[in-house]
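Peer 1: Modelling step: build the complete structure from the supplied sequences, incorporating the hints.
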Amino acid sequence: MFRRLVNIVEVLALVVVACVVVLLFANEPDSGSTAPTTPGAQVFAANCARCHGADGGGGTGPQVAGGAATERFPDAEDEVAFVIKGSGAMPSFGGQLSPAQIRQVVEYTRTL
Amino acid sequence: MAVAGAAPGRTDGVVARRLIGLLVVGGAVALALGVYGKAHDPTLEQPYSLFFTGTIQLKVWFATAALGLAIVQVLLGLRLFDKIAVPRRAPGWLGDAHRLVGTLAFLLTLPVAYQCLWALGFQSTDTRVLVHSLLGCAFYGVFTVKVLAVRVDGLPGATLPLVGGLVFATLVGLWLTSALWFLTSRPPGIPAF
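From first to last, the protein sequence lines are chains B and P. Be aware that the first sequence starts at 1, since it is given in the numbering used here, and climbs by one per residue. Be aware that the second sequence starts at 113, since it is given in the numbering used here, and climbs by one per residue.
Check before you lean on any hint, since a few could be wrong.
Straight-line distance between alpha carbons at most 25 angstroms, and here's what the computed SDA-like set of lysine to any residue pairs gives [as the list claims (entries may be wrong)]:
#1 K150(P) / M90(B)
#2 K150(P) / L23(B)
#3 K150(P) / A45(B)
#4 K150(P) / G95(B)
#5 K150(P) / S92(B)
#6 K85(B) / T296(P)
#7 K150(P) / F25(B)
#8 K150(P) / V20(B)
Just so you know, these hints were derived from the structure itself, not from any lab.
Peer 2: Here it is, written out as structure tokens:
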């Protein structure tokens, strides 16, 4: 009886694996519909979205949309300095992005 | 390790071919995941959260639950191989329990891996992320080897414990580079659900 249950669970696992593989290839998002347009949005999508979420709603990193960025950094220059230097889990982008790109992405986060 | 009824020289060749076959299949699975993660455009979406506050929280706690089950599975495996003596008399259902717990742990990893592959892909932005990406691919490769090795006859006796240990080690590495990192990079207090 117990062995039968284990067999059923293993078959179920195989089915789930098959579903995951199908979803990996079938569940493509609409191409172009959410493509970032402004330079700040492009920098955000390429460097920030994987932690802060595509829409800035948060992920492994905190939310920056909905006024969260301006609330934490009332002065934009403080946010620029934070992005350049990093802190804790937030990596330093001073060596990866140009000053102009950092300013663009900071301005972008303040519009989300 | 000899296969019953076969000459030793021929047996060694058969065993070697079986082991190489397992490694090739496991390597192919790991490689395929890495290629998909690298070639697929990350969607950066967080498609599901169940009763958690977000997909990331779901992933952290699913991974933690999978690790917990994996620890139980290792203990059951140690008892199966008589490396521990608790309970003193191993019940007849121990092997089935070992399989069930391992399968449940594996099932818990699937929604985690799906979001990682589909939404984030294979990344190398820093050491932690690179190690996590590599371990993620390796885990399913080694897991495939483990599942197949259970069903292949005549393998050396150390194969299953070795591969099982590797599965557990990669899962621990995955957890350390993701869930633990997430939990320890939060402000102190009750972990986010």
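Peer 1: For each hint, tell me whether it holds in the structure or not.
Peer 2: Taking the hints in turn, this is what the structure says about them:
| no. | hint | result |
| --- | --- | --- |
| 1 | K150(P) / M90(B) | holds (23 angstroms) |
| 2 | K150(P) / L23(B) | holds (17 angstroms) |
| 3 | K150(P) / A45(B) | holds (17 angstroms) |
| 4 | K150(P) / G95(B) | holds (24 angstroms) |
| 5 | K150(P) / S92(B) | holds (24 angstroms) |
| 6 | K85(B) / T296(P) | holds (20 angstroms) |
| 7 | K150(P) / F25(B) | holds (14 angstroms) |
| 8 | K150(P) / V20(B) | holds (17 angstroms) |
Going through the hint list in order, the structure satisfies each hint without exception.
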